[in-house]
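Enquirer: Note that the protein sequences, when read in sequence, are chains A and B.
Residue numbers for the first sequence follow the numbering used here, so the first one is 1 and each next one is one higher.
Residue numbers for the second sequence follow the numbering used here, so the first one is 300 and each next one is one higher.
None of these hints come from the bench; they were simulated from the model.
Take the hints with a grain of salt, since some may be wrong.
Here are the simulated DSSO-like pairs of lysine-lysine, each with C-alpha atoms no more than 27 Å apart in a straight line [said to hold, decoys possible]:
hint	chain 1	residue 1	chain 2	residue 2
1	A	K185	B	K303
2	B	K553	B	K342
3	A	K294	A	K185
4	A	K185	B	K301
Bear in mind the structure is a predicted one, so any value in this text is a computation, not a measurement.
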Amino acid sequence: MAEHRGRKPTRSWAELVPPVCAGVLIVATLAVIVFIAERGLATFLVHGVSPREFFFSTLWKPDRPPEAGGPALGALPFIIGSVLVTGLAVLLAAPLSIMTAFFIVEIAPSAGRRIIQPAVEILAGIPSVVYGWVGLSVIVVFIREHFGGLGFSVLAGGLVLAVMIVPTIVSVATEAVRSFPPEAKEAALALGSTRWQMLRWVVFPAVLPGLITAVILGMARAFGEALAVQMVIGNTHTVPRSLLDQTITLTSGITLDMGYTVMGTAWNNALWTMALVLLIISLFFIVLSRTIAKRGVLR
Amino acid sequence: MKSKTADRVATWAFWLTAAIILAVLALFVGYILYRGLPVLSPKFLFGRSESVRAGGGIGPQLFDSFYLLCLSTLFTVPLGVGAAIYLAEYARPGRLLELIRTSTETLASLPSIVAGLFGLLVFVNLTGWGYSLMAGALVLTLLNLPVMVRVTEDSLRAVPSSLREASLALGATKWQTIWHVLLPVALPGIVTGVIITAGRALGEAAALLYTAGQSVGALDFHNWDITSPRSPLNPFRPGETMAVHVWKVNTEGKIPDIRRVADGTAATLVLVVLLFNVAVRWFTHRLRRRLQGA
Numbered sequence: 001m002a003e004h005r006g007r008k009p010t011r012s013w014a015e016l017v018p019p020v021c022a023g024v025l026i027v028a029t030l031a032v033i034v035f036i037a038e039r040g041l042a043t044f045l046v047h048g049v050s051p052r053e054f055f056f057s058t059l060w061k062p063d064r065p066p067e068a069g070g071p072a073l074g075a076l077p078f079i080i081g082s083v084l085v086t087g088l089a090v091l092l093a094a095p096l097s098i099m100t101a102f103f104i105v106e107i108a109p110s111a112g113r114r115i116i117q118p119a120v121e122i123l124a125g126i127p128s129v130v131y132g133w134v135g136l137s138v139i140v141v142f143i144r145e146h147f148g149g150l151g152f153s154v155l156a157g158g159l160v161l162a163v164m165i166v167p168t169i170v171s172v173a174t175e176a177v178r179s180f181p182p183e184a185k186e187a188a189l190a191l192g193s194t195r196w197q198m199l200r201w202v203v204f205p206a207v208l209p210g211l212i213t214a215v216i217l218g219m220a221r222a223f224g225e226a227l228a229v230q231m232v233i234g235n236t237h238t239v240p241r242s243l244l245d246q247t248i249t250l251t252s253g254i255t256l257d258m259g260y261t262v263m264g265t266a267w268n269n270a271l272w273t274m275a276l277v278l279l280i281i282s283l284f285f286i287v288l289s290r291t292i293a294k295r296g297v298l299r
Numbered sequence: 300m301k302s303k304t305a306d307r308v309a310t311w312a313f314w315l316t317a318a319i320i321l322a323v324l325a326l327f328v329g330y331i332l333y334r335g336l337p338v339l340s341p342k343f344l345f346g347r348s349e350s351v352r353a354g355g356g357i358g359p360q361l362f363d364s365f366y367l368l369c370l371s372t373l374f375t376v377p378l379g380v381g382a383a384i385y386l387a388e389y390a391r392p393g394r395l396l397e398l399i400r401t402s403t404e405t406l407a408s409l410p411s412i413v414a415g416l417f418g419l420l421v422f423v424n425l426t427g428w429g430y431s432l433m434a435g436a437l438v439l440t441l442l443n444l445p446v447m448v449r450v451t452e453d454s455l456r457a458v459p460s461s462l463r464e465a466s467l468a469l470g471a472t473k474w475q476t477i478w479h480v481l482l483p484v485a486l487p488g489i490v491t492g493v494i495i496t497a498g499r500a501l502g503e504a505a506a507l508l509y510t511a512g513q514s515v516g517a518l519d520f521h522n523w524d525i526t527s528p529r530s531p532l533n534p535f536r537p538g539e540t541m542a543v544h545v546w547k548v549n550t551e552g553k554i555p556d557i558r559r560v561a562d563g564t565a566a567t568l569v570l571v572v573l574l575f576n577v578a579v580r581w582f583t584h585r586l587r588r589r590l591q592g593a
C-alpha cells in the first residue's frame, strides 16, 4: 500500500485494533509454549527423572509406591507407538496422495476440479472422532476377523490415520504441482517426451520440495491426532512386535490418563512432558518444511 | 514403443488412484449415512441423552455443539479479521511480520490435544472457571484463528487495487477505505472463513475433553436466566459436544445402545459437514463473481 506523504494522514482510534489482534496471535503462541514447557519440564526438574530414563526406558509404572522405588516414567512405548502409526500412515497415504495431486493437475484437470478436489475437501471436513468410530466399528472388526488378534492394532491406527491425512497431503501437493510453469512442460513435450516421461523427469524433480513439504504436513497431522488413534489402537503400554499388536501413542496416553491423575504428581507431570514432546515435534516439522520449501527450484 | 507403453500404464495408474480416493470417500460417507440415517428422528435429535439406559437422544449435545460454535465464532471473527487487516494492509516486511507468520504457523500445526491442555491450565484452572463452555470456546478460537486469518487475508489481497486507489483518490482515509470498500467486497471470503472454522469447531473433540468437559449436566431448557448454572445459555457451565459424545460413549459409555447413539451422532456430524461444504462452495462462488464484477 502506498503511503500518502505530503498530506497529514487522518488516524482513527479504530486503526489500533488490527495491530492489537495481530499481537494477540504472538502472545497466544508464546503463552502456549511457555505454559506447556513450564509444566513439561517439571518431570526432569522437580521429580528428578533423567531425560535418558524418560526417552529410552520402556518401564512405565507411574503409580509405583515409594517403597518399591517410586514412579518409573519410561515413555519409550508411547514414543515408539506414535512413530510407528505415523510412519505406517505416511507410507500408505503419501504415494496415493501425490499421484492424486498429479491426476488433478495434469491427467484430468476437469474431472479433478469438479469431482476429486471436492471429494478430498469433504474427507478433510469429516471430524476425527467419526474416523475413529468407523475405524472402531469397521476396520478393527475386519482385522480381528481376517487377520486374527484383537483387531485393536498398529495396523488399524495406521489405516485410520492414512485416510485422515490424505486430504492434507493432496491439497498441499496439488498447489506444488500447479506451480510448475507450463512452458517447461510444453518444451519437454515438444522434444518428443510422452506425458509420463515429462511428468517423471521434468515436473516431478522440480516440484519435489513442495511434495516433501506436503508429506511433512501430513506427518505432523498424523503425529498430533489423538482421539481417532486412541479409539482403535488398544492402548497397552507395550512395544508392539507386529502390525497386529496393540500399542499406545503419546496423544492417546495423554487423553486416557489426564482426567484420572492429580495435578502436580509425577504421573501427571509425565503427561505434560509428553505434551511438550508433541509441541516440540510439531515445531520441528514447521522448521523442516520451511527449510525444504526454501530449497525449492521454483521459489 | 516401450515409452508409449509406460505412458499408458502410468495413465492407468493415475486413474486408478483417483478411483481409490473416490471409493474411500463413497464407502466412508455411505457407510456412516447407511448406519446412521435410520437412527435419526426428532426424538433422537432433540431428546435427552441417557447415561445408563437405552433410548437416549443427543438434544443437549446438539445444543452444546452449536452454542459452543457461536461462542467461539464471537472471538474468532473479530480477532481473525483484525489480524488479517493488519497483515494485508499495514504490515511491512521485517522481523515483526516474520514473528506473526511464525506464530500463525505454530498455532496452525498445534496438535489439538496440546491446545486442550493449554486451555486446561489457563482457561480452566488459572481463571477458576472450571470445565466450562467459555474455556472450550477460547481453545477453539486458538485453533481456528490461523485459518480465519489466512482466508480473510487472502480475500482482502484479492480485492483489485483499482478499488483502493479510487477510494483514496476520492479523499477517503485508509481506515475508511478498509471499512467501507475492502471489507464489504471481501465479505463473501470472510463468510467462507467463518463456515470453514465453524466446521472445524463442530468436529473438534480432543481439545474440548479437558476444557468444555465431557458431560452436559442437568440442564433445564425452560430456564433462560444466563447466570443460572442450570440454564443452557450459561457460558460458564460445563458442556459436551456431539463430537465429544461419540468418543465418550465409546470409551466410557455405560448405555446398552452405544452403537445406535454413536451411529446417529456420527451421521448428524457428517450431514452438518456436508451442508457446510455446500455453503462454502456457494460463498466462494459469490466472492469470485463479486471480484470479477468489480
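Enquirer: When the structure is checked against the list of hints, which entries are broken? Sort them ascending.
Expert: none
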